[in-house]
Amino acid sequence: MDRYSAMFQRLNETNQGAFVPFVMVGDPDIETSEKVICQLIESGADALELGIPYSDPIADGPTIQAASIRALKSNVTPDACFGLLSRVREKYPDVPIGLLLYSNLVMARGISEFYARAKAAGVDSILVADVPLREAKPFIKAANASDVAQILIAPPNATEETLREIGKHSAGYTYLLGRAGVTGVETAADIPADTLISQLNAYQCAPPLLGFGISSPAQVQTAIKAGAAGAISGSATVNIIAQHLNNVPAMLAKLDEFVGNMKAATQKEG
Amino acid sequence: MNQLDSKFGDFGGMYVPELLIPALDQLEQEFIKAKDDPAFQKEFTDLLKDYAGRPTAMTLTRNLVSNPKVKLYLKREDLLHGGAHKTNQVLGQALLTKRMGKTEVIAETGAGQHGTATALACALLGLKARIYMGAKDVERQAPNVFRMRLMGAEVIPVNAGSGTLKDAVNEALRDWSANYDKAHYLLGTAAGPHPFPHIVREFHRMIGEETKAQILEKEGRLPDAVVACVGGGSNAIGMFADFIDDPSVKLIGVEPAGKGLHTKEHGATICTGSKGILHGAYTYIMQDKEGQIEESYSVSAGLDYPAVGPQHAHLADIGRAEYVAVTDDEALNAFQLLARKEGIIPALESSHALAHALNMADEAEDDTIIVVNLSGRGDKDLAHVINILGEDFNGSL
Chain A
1 MDRYSAMFQR LNETNQGAFV PFVMVGDPDI ETSEKVICQL IESGADALEL
51 GIPYSDPIAD GPTIQAASIR ALKSNVTPDA CFGLLSRVRE KYPDVPIGLL
101 LYSNLVMARG ISEFYARAKA AGVDSILVAD VPLREAKPFI KAANASDVAQ
151 ILIAPPNATE ETLREIGKHS AGYTYLLGRA GVTGVETAAD IPADTLISQL
201 NAYQCAPPLL GFGISSPAQV QTAIKAGAAG AISGSATVNI IAQHLNNVPA
251 MLAKLDEFVG NMKAATQKEG
Chain B
1 MNQLDSKFGD FGGMYVPELL IPALDQLEQE FIKAKDDPAF QKEFTDLLKD
51 YAGRPTAMTL TRNLVSNPKV KLYLKREDLL HGGAHKTNQV LGQALLTKRM
101 GKTEVIAETG AGQHGTATAL ACALLGLKAR IYMGAKDVER QAPNVFRMRL
151 MGAEVIPVNA GSGTLKDAVN EALRDWSANY DKAHYLLGTA AGPHPFPHIV
201 REFHRMIGEE TKAQILEKEG RLPDAVVACV GGGSNAIGMF ADFIDDPSVK
251 LIGVEPAGKG LHTKEHGATI CTGSKGILHG AYTYIMQDKE GQIEESYSVS
301 AGLDYPAVGP QHAHLADIGR AEYVAVTDDE ALNAFQLLAR KEGIIPALES
351 SHALAHALNM ADEAEDDTII VVNLSGRGDK DLAHVINILG EDFNGSL
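Residue numbers (the numbering used here), protein chains in the order written: chain A, 1 to 270; chain B, 1 to 397.
These aren't lab readings, by the way, just hints derived from the structure by calculation.
Heads up, a few of these hints could be off.
[As the list claims (entries may be wrong)] Derived DEER-like restraints, expressed as beta-carbon distance ranges: (1) B:T45 / A:D79: 51 to 59 Å; (2) A:A120 / B:I386: 53 to 61 Å; (3) B:R320 / A:K137: 21 to 29 Å; (4) A:K91 / B:R320: 51 to 59 Å.
The beta carbon of each residue, even a glycine, is placed where N, CA and C say it ideally should be.
Please take these sequences and the hints and turn them into a complete structure.
Written out as structure tokens, the structure is:
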């Protein structure tokens with residue numbers, strides 16, 4: 001069984017949703033980032049969503065843009081990220097790890113080669129933020145060839161046709177957008193997205209994780225109540241890194257507290 | 001799925017977040033409907049004629065070229081209202097905005113030319129404009145910032161990244177992702193995701209159509225070459241579009257070689273770049289080996305862009321158009337020559353095209369007719385050029 005299926009099965013059995021934090025690999029540098037990522041897992045993250053720093057992140061708000069810039073300033077390359085991922089994978093063989101990145105990083109290496117490299121580093125899924133379904137064919141093909149799940153996005157304005165296509169191709173999980181716009185806590189997610197969630201289920205899409213604008217345990221609870229299989233929190237997590245750049249122990253302690261609280265909110269009632 | 005072809009060979013496409021696909025589809029559909037709507041076409045044509053001043057003149061240079069075998073013509077987009085070709089397609093897209101029932105316009109601008117054109121069209125048509133401009137550019141282009149604000153547009157400085165055009169485009173796309181319901185993204189060049197390269201070309205194609213009619217009337221034959229500068233490539237594709245099926249006409253795009261192609265400071269995307277994705281299109285871009293986008297450079301802000309319209313990438317790949325590069329110094333030289341010899345101050349962008357045409361004129365052995373698309377006027381560049389040429393120049397007068 002793949003790691004996402006195993007995770008969802010385990011969470012079903014314990015009547016929980018998934019909490020999935022996002023951070024940028026290499027933010028603010030590889031060494032600190034490795035500590036951050038291990039901390040997230042130790043603190044109870046069910047899976048990880050990880051970015052690879054990119055110069056022009058058009059789907060990201062100011063918080064995650066800044067994380068990219070910090071990492072790029074530390075000369076973090078995709079290869080350095082893969083190196084870190086391999087070490088994390090060795091330490092934590094079961095936690096699902098997804099990449100969230102931009103198309104040109106994939107194109108620069110060659111689509112198949114990039115996916116194969118990611119697989120070798122222990123990556124379970126890849127979401128390319130600027131590749132919509134319409135351009136996804138070669139990416140899905142490479143994903144299948146490398147046995148990596150291609151994550152597809154269900155936006156709040158998705159047409160029936162889009163949802164049907166997602167159902168046809170989706171693997172791992174479905175990234176459910178809580179609202180329009182870019183990443184960031186400036187605008188809260190629009191929950192419940194229950195209509196969209198029931199449509200996704202009808203089209204047999206992979207379990208939906210709600211992201212964009214998730215920063216509090218209450219939102220996680222609401223998302224799961226609305227039928228999401230879990231929630232992804234990026235900017236709120238990255239903010240903690242940004243606020244403690246000069247004090248790594250405090251950064252890790254704060255992340256521990258944050259992940260603990262968010263994870264606790266995934267417990268369903270009854 | 002798309003009704004128009006979203007690719008030019010391998011190039012183009014729609015590499016944007018899924019969220020923006022419905023807005024791009026809506027734009028494509030509205031454009032197709034408008035194309036067949038006589039009322040839309042009449043309003044667009046009337047605005048171009050009575051507001052913007054089309055058709056623009058075709059000027060045979062008198063003193064610039066010494067080779068008697070060469071006739072060098074200038075297509076005078078510098079005379080268009082707004083001071084550059086940009087006004088053409090902005091009027092078209094502003095009318096589409098109204099057709100879609102949207103009330104706000106988002107735009108990006110580098111030097112401020114597209115921002116100025118957007119501001120004037122929005123003032124005229126009662127649309128609310130907000131224009132993203134790199135913080136560095138806001139500083140460098142103060143008069144254009146004032147022009148935009150004077151016409152009621154909101155100018156938003158972008159501090160992210162390098163604070164130039166590429167970052168302004170990123171920010172405009174982010175804004176659009178949140179506000180596509182009520183706002184249209186009025187992209188300023190023939191680049192970006194489908195359908196922009198298609199729409200922008202169609203709203204600029206009168207440049208080539210007029211050129212063809214004017215040159216046939218004056219010379220009784222087609223020109224041997226049409227020459228245009230290429231940043232994103234909107235004035236060039238507008239000039240080329242009607243000549244693509246005339247194989248005797250050479251299509252020449254001139255990219256900015258900045259401080260030289262051997263340096264890192266240039267913006268010659270097709271001449272030196274590699275294939276990749278930026279701002280929604282697969283095209284030639286400037287990038288490092290990891291795929292991080294590199295900064296471009298040119299003395300002319302309008303050519304300072306690390307990607308190029310996908311149709312140009314295609315025309316280059318199939319060999320239908322030729323792309324060359326001209327340095328800052330060569331462009332500045334052509335800028336001064338045109339002023340001195342013909343009494344016309346060209347935009348620094350257009351000066352690149354002119355500089356290459358002058359080289360062609362020097363080398364021509366047979367009777368040759370060349371048309372340069374003089375895409376804009378140079379008033380906007382005066383402060384910048386004064387800084388570069390400085391006291392030496394004043395002293396030499």
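Status of each hint after checking the structure:
In this structure the supplied range 51 to 59 Å holds for B:T45 paired with A:D79, their Cβ-Cβ distance being about 55 Å. Distance hint for A:A120 and B:I386: a CB-CB separation of about 57 Å, consistent with the stated range 53 to 61 Å. Taking 21 to 29 Å as the suggested C-beta distance range, the pair B:R320 and A:K137 conforms, at roughly 27 Å. Between A:K91 and B:R320 the CB atoms are about 55 Å apart, so this pair conforms to the stated range of 51 to 59 Å.
In terms of the numbered hints stated before, the structure departs from none.
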